Amino acid sequence: MRRKLRLAVVGIAIVKYAGLALGAFFMLLPFAWMIVSSFMSAAEIMARPLRWLPAELQLRNYEALAAAIPLGNMYANSLIVTISITVGVLLTSSLAGYGFAKFHFPGRDILFVLVLATMMIPFFVVLIPIFFLVRQLGWMDSYLGLIVPNIVTAFGIFLMRQYMLTLPDELLDAARIDGASELAIYWRIALPLAGPALGALAILAFVYHWNSFLWPLVVIRSRELATIPIGLNSLRVYASSPEVINLQMAGAALAIIPVVAVFAVLQRHFVRGIALTGIKG
Amino acid sequence: MNIVSRLVASLAIAAMVVGACTAAPEGSKGPVKLVVLTHWGDQALLAVLQPIFDEYQKQNPNVKIEHQSVAFDDLLKRITTGRIGGSAPDIYHFYNLWMPDFVSSDLLQTPPGDVIADIKKGYSQSSVDGSSYRNQVWGYPTEVNTYQLIYNKKLLQEAGSTKPPATWDELRSVATKATKKGADGKITQAGFLLLKGWDSGVVHPWSSLLWSNNGDYVAKDNSKVRFNEKPGVETTQFEVDLIKSGAADLGFTMDDFAAGKVAMTIMANWWGAALKKALPDNVGVAPIPTNGGAQSSTLQYNWLWGVDKGTKQGQEAWKFLTWLNGPQAGSSSPMGKYLTTALNAIPARVSDQQANASLLGDAFVKPFVDSLKTSRSEPIIPGAQEIKTVLQKQIEAAWFGQKSPKDALDTAATEANRILGEKR
Amino acid sequence: MSIAIPSVARVANGAAPRRRPYGRRALAGYGFITPAIVFLIGFALLPFLFTVYVSLHDWNMLTAVTSMPFRGLDNYRYLIFEDPLFRQTFANTFVFAAGNVAISSLLALGVALLLNGEVRFPTFWRAVYFLPYVTSSVAISIVWANLYHPSYGLFNGILELFQLPGARFLASLETAMPSVIAVAVWHAVGYYMIIFLAGLQSIPLEVYEAAKVDGANAWHRFRSITLPLLRPTLLFVAVVNTLGSLQVFDLAFVLTNGGPVNATNTVVLYMYQTAFNFTRMGRASAMAVMLFLVILVITLVQLRLLREKE
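Residue numbers (the numbering used here), protein chains in the order written: chain A, 1 to 281; chain B, 1001 to 1424; chain C, 2001 to 2310.
Because the hints were derived from the structure by calculation, they are not lab data. Do not rely on the hints blindly, as some may be mistaken.
30 angstroms max Cα-Cα, derived DSSO-like pairs, lysine-lysine [as the list claims (entries may be wrong)]:
# : chain 1 : residue 1 : chain 2 : residue 2
1 : A       : K4        : C       : K2212
2 : B       : K1276     : B       : K1177
3 : B       : K1121     : B       : K1196
4 : B       : K1309     : B       : K1220
5 : C       : K2212     : A       : K16
6 : B       : K1177     : B       : K1230
All figures in this text were calculated on a predicted structure; none of them were measured in a lab.
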């Protein structure tokens, strides 16, 4: 009887790990192929029967890539834009979240519901008017046009408010009695206490905007301002020639690998952040 | 600070920003700045183009030329949406298919009389047609591109053909013979490649075949399209037959041709550089095959320089363009030199074609140049871009067996006529 | 930082009046929320109203806002009754959303269940499944487009090794949409897995222990405990996943640009083409409004269905 039980347990374990491994294989396969083929020549990629490894590492793919698109610029642009947006989101969301969570004023709840309502407005609905507005303001093809329309998000306000509701009022009141200004209380007490929520929001905002494509596609015109997704897209669009496949893979690799590296280091924070939003939401 | 004052502050800031962007010194007599917009951003191209701009600036010290480049995909959007905000370039280099929309939106400045005379004298009729709309010439044509039958010499020989097909029937039989199947029935080598997925790829070769079948794209007065009449249906049916027989299997792409897995296709001269690298000495070019005894014709499209209607330096702009496109010392114009050396393109100016004859006499390029004698300009009609997209999707629908060729073309024609009616 | 107990104690003792007048504190409250409110009015509310306004006109962005020709409900009439492509993009979008939400949610739940119990190397598995989510949709679309290529893609190469016939994937009418859905599922599974994991881990073990004592087997435990307690998480995943799927753009744009022959054209992609390739802003705005209404209805229905039986 005990043996049957142990066999069953082992059997289940085998099935479990086999399932996980199979899934993991499919998750990783595209990455593996991307890396391997970024070191192959186009002919090797297209050879049949299938080649698994390059005869020799074609580093010139990466050289040709650097010549074809302004890689340094792309990374710099993505960094500048994404970091600016993230900082802006953290600031505006925590300010507004704090206001909604810890203050009473007439119309507070109605205004909060209105803020939530804007969460229901998907981006594509306001794409054209915001495009027009940005154009009128002369922000086309500029960092301002990329950053400013993105610095306030109702989701961020909602998240911060939910979290800040749990902050102890006594601490805040005590600081008020001590004579601290409201802004100082926000900055020195509420904000640090909201660390986990800020971290979660920061990670989500960063990943989302780092990979953002549609809005930059609409706003960016010149090559110098291209962010990574836009630069990659322009790589795709060159006249078809055999030499483009391996360049595309190299480009994708360069775009993905840094993100993977950052993720590997910050994995726990990612997971915690997403879990936080999932539960609070 | 309450909400109201914050609002006022923000509006003030916004107003200042707008003001700063649109304010410009009025009619400055001093240094002149010309902003030139193209889609030539490649390092290799700029290496040839920038010295030309520098040369003009040297000869005209009061002129400063600022060159802006965007990717081709963005160029149209940049021009049509770039007006407001004070960032409109003075000079654009654009694809002639966009002319009707530019003209209707009042984006282009009519050239001065001497420029028009220069254009009419120095360029072939089809190029002049390709730079005109509503009986008005709008700028200097630059590169002209046509389509020809491009074939893999080796594969054609293996299929038993000593020379490329000259009629549709010959094309059919050669394509069938050049098609190879694997043991599992999957096509491993295609006889003919049909380009799909982008408007020019589908519509340009199709139009070339249409005209080599005595067909017409649009009525002469632009009142309606004619591509859904019998010659058009025959053309689509011809392509569908090739697909059904397996010769033009839809799983093949341009990469496959470059890899030597396809025997023939119809494509433009600008593909030459890539093909020379991929299939050296193995590529042949021949006129578009004809049907029913028609004369071989092909589609040509060109690019042209235009001047923005709202520019404050119109005179300087046209002066620069005249220099750029005019013969220097009796030989090639700077534009002509750039087009032939850096772009591997065909210059539209007749004197440039003669001056750069050695480069244009290359075995690959020469047939394209010769085809200019019988080529027809891509129809420059209102809503041309939109109509082209509609036609592309319907032709593809016929290819994929969703509709019969006649239904597909009729659908496209209905939509096209509606657009024509709207935009005239 | 010192905490002044006396004043706090006084308040807590009810010594101060409960109904505070809205004084300076209220002003401060307004101050904190004002930047965000102003921004949302300017960048969300007003643009939304503007879209609705533009949808009733014709506009190519070159004419002034005040002189747009008024068209009433013409754009809507055209899109609903005369434009087969719009209906097709709607159908495509629904098919995509249904496929993506169902498959990615189920797979995410499955993997989360597997990882929730005792498992070796949990961090590794979590990382591997989550990895695709952090990558740019443009980058992975480029990679997948190459994987799917009929002649030289990896998938057909592998199939060939096993002497199986290759597939057309993105190049055929029938398999294009499923292929796009596959990429979307691959991209999103990790994210929802994390959410499910968090939800699962918030279920206290004692509840399971009690059920085991009562004699419930694994399936019963799942049905009667896990699923009900997971309801909020399921709701969240369903709503967020559907919301995102109905707005799909990046994948359609980069993988297929809507092809072949509009088989993978989605509403947002068609809207983008209409607005920026043909500069028909009025019609594009009408598309946006209609999709918005559909999304609103679907979300409300989901909230209703999954919130019942509290």
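Hints versus structure:
1. A:K4 x C:K2212: The given pair, whose Cα atoms are some 20 angstroms apart, holds under the 30 angstroms limit.
2. B:K1276 x B:K1177: Satisfied, since the Cα-Cα distance of roughly 25 angstroms is no more than 30 angstroms.
3. B:K1121 x B:K1196: Violated: B:K1121 and B:K1196 sit about 38 angstroms apart, past 30 angstroms.
4. B:K1309 x B:K1220: holds, 28 angstroms
5. C:K2212 x A:K16: Holds, at about 21 angstroms.
6. B:K1177 x B:K1230: holds, 28 angstroms
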